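Following the hints, position chain B against chain A.
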Amino acid sequence: MSPRPERIRRFTARHIANHWVMLIGFLGLVITGMPQKFPAEMWAKGVVLILGGVERVRFIHHLLGTIMALQLVWHVAEGVWLHLVRRLDMPMIPKLADVRDFMQQIRFNVGLASEPPAMDRYGFAEKLEYLALVWGTAVMVLTGLLLLYPVRWSALFPGEWILAAKAAHGGEAILAFLSILTWHVYFVHIRHWNTAIFNGKLDVEAYAEEHPLELRRLRRGEQATPAAIQGWRVAVFALLTVTMAAGVVALLYWLRSPAGHIWTIQVPGLQ
Amino acid sequence: MESKHLRSPIYFVAAAVLLLCGRSLLAVDDSACLECHGSKQAISDAAGAMDLKLTPERIEQLVRHAPTAGTPHAGIACLDCHPKADEIPHPAGLLKESPCVVCHENELNQVNKSAHRDPKGGSDLRAPCWACHQAHDVRAVKDPNSAVAPFNVASRCLTCHDKGEYLIGVHGQAVQLGGLDFAATCVSCHGGHDILAPKDAGSRVARRNISFTCGKCHGRVAQAYRASVHGAPLTASDNPDVPTCVDCHRAHGTQDPLLPRFRLSSPEICGRCHRNKAMMAKYGLSASVYNTYVADFHGTTAELFRATSPDQPLNQAVCYDCHGFHDVESVRTAGDKVIKERLLVRCQVCHPKATAAFLSAWTAHYEPSPTKYPLIYWVQVFYRMVIPGTIGFFLVYIAVDVWGRRRHRRSS
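Protein sequences, first through last, are from chains A and B. Heads up, the first sequence is in this note's numbering, so the first residue is 1 and it goes up one at a time. Heads up, the second sequence is in this note's numbering, so the first residue is 1001 and it goes up one at a time.
Here chain A stands alone, though its shape is the one from the complex (with noise of 0.2 Å):
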């Protein structure tokens, strides 16, 4: 038995339950989303059919996206703290150096370049891929949340803007799925089977191939230490997250629809 090539710690407990929030949230979405994008489809109805109804397809899908954008905000709320608060950097931000190591690596395949481009924590196609998230999940928490009051909305802005937050919010859907479907499946499952994001540990040999700048400073010994707390920005930080649960809460007060509920509904034909 050859001995167990030594693993490294990639991931913390925090990104293990964030991935797996969005893991199956994303994938329950999609499952109970689709169906309602193409109606008419045999497979819709199939889907439907299994989950027991439109309507539970729709709490369904209501519930994930609700928690997807806790997820999102609470992200956001988490960003904002250990960046400006614990002063860390921010490493998903993409610079220029990004797009240099994106020309290398294609230099590299045909064979311009004798050496692949040497990437620190996070590559160009994990920050392509992060953005693409966030991006994606705040197109749709916006849209969706257009898209579950529409009567309310109306009182405020043209109808033709839930109208036009419905159309992307499912061609955002159909661009989000298959991203996923080729870029993630490709860059984890295919190219190597990292499993991370699942356990917290990468193989060295695929962290030296694919993350060689940070592997260097984890053999120097540095880490990254957040900065001592400052009182004045936990003020403004917390009066920040506050007021924006505050306007949250407020919003979905003022959007509820007492007088809207199904169960209210008279089926016509059937007084």
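For the record, the hints were derived by calculation from the structure and aren't laboratory data. This structure is a prediction, so every number in the text was calculated from the model and none was measured. Wrong hints could be hidden among the right ones.
To be verified - No more than 16 Å apart at the CA atoms, straight line, and that leaves these computed lysine to aspartate or glutamate pairs for EDC-like:
| id | chain 1 | residue 1 | chain 2 | residue 2 |
| --- | --- | --- | --- | --- |
| 1 | B | Lys1216 | B | Asp1181 |
| 2 | A | Lys37 | B | Asp1296 |
| 3 | B | Lys1372 | A | Glu160 |
| 4 | B | Lys1040 | B | Asp1029 |
The following block gives chain B in isolation, referenced to the frame of chain A:
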């Protein structure tokens, strides 16, 4: 010169009494016939005596009884219709030609002009009298044991006509299961002796006559239909495209329109014509109303709900909730302003908080274009370009990456 006696009232009364009671007074004697035809045993004995080999079915067919007292044919003797039957053994062609015409000339004249007439113009009717009325146990229509009593009509017609779905239709069930003698049987819509093929202009079920035929029972519905955008062109100009009652409700397997199943399938019924591009183009109508409906919240829900629970009630709007059913009106008649007012009322039935602004959250069945609902249109165009662009870029990059890695692995 006529005798004065002939005009005397006493003479008339005597003649009338004789006519009315004649049959019973001059009681017919079928006993000679019944000696052989009275029972199975008698028939087989007679056949044996004549060295005839008869199947058990044939023996059963040959058993006859005199018409039941009180039925219209009581008093008619076997020999009246089978004059040659007094020869034993019976010769071929025992039945007198057109035996019924003696008393029922009017009815036979009607049949001779109907779809059941002899195509060659002779007396060989497609459906002879006894095909419906039976040959021997002829009874009045009102007699529940009559072969043509409402309950039994279908069984007579279905012997030749493959329209069994009538029995699971709402009319067939009302007659057969509900015991409603006034619910429609075959004869109610098609007529009896004077029945004509639907393609015949004079037929009760010819396109332009259907609403009148259904209207015999469904009067107000038929009236509303004839005034509607579907009914009026049929009456006015024999329009070949508009639906009649049976195009939506089906002629024989008529479904109860109050059932959720009918409600959920109704968009598909309207869609049969309103999805037809060629037909809609003739009238300058949009053929995308069905697809835009299904793509809409109401239609998506109805479509998916129908797939899983076709017999459950659903409150989502179907076509007729907004357009009406028998009294469908052209959207051009009332004008934009009135339509919007009416529409808001409809919306508020289910969306009590809806305002006039809410109406703009619906494309009125239009497909977005650069001039109509441009915002939606451009969002659609954006994704139509971005999705293949992005995924195409991903796939090309992945292909190059796979190729490059294979090359490097081989060289190293």
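Results for each hint:
For the proposed pair lysine 1216(B) and aspartate 1181(B), the alpha carbon gap of about 15 Å is at most 16 Å, so the pair holds. About 10 Å separates the Cα atoms of lysine 37(A) and aspartate 1296(B), which keeps this hinted pair within 16 Å; it holds. Only pairs whose Cα atoms come within 16 Å are accepted, and lysine 1372(B) paired with glutamate 160(A) is accepted, the gap being roughly 10 Å. With a C-alpha separation of about 20 Å, the suggested pair lysine 1040(B) and aspartate 1029(B) falls outside the 16 Å cut-off, and the hint is violated.
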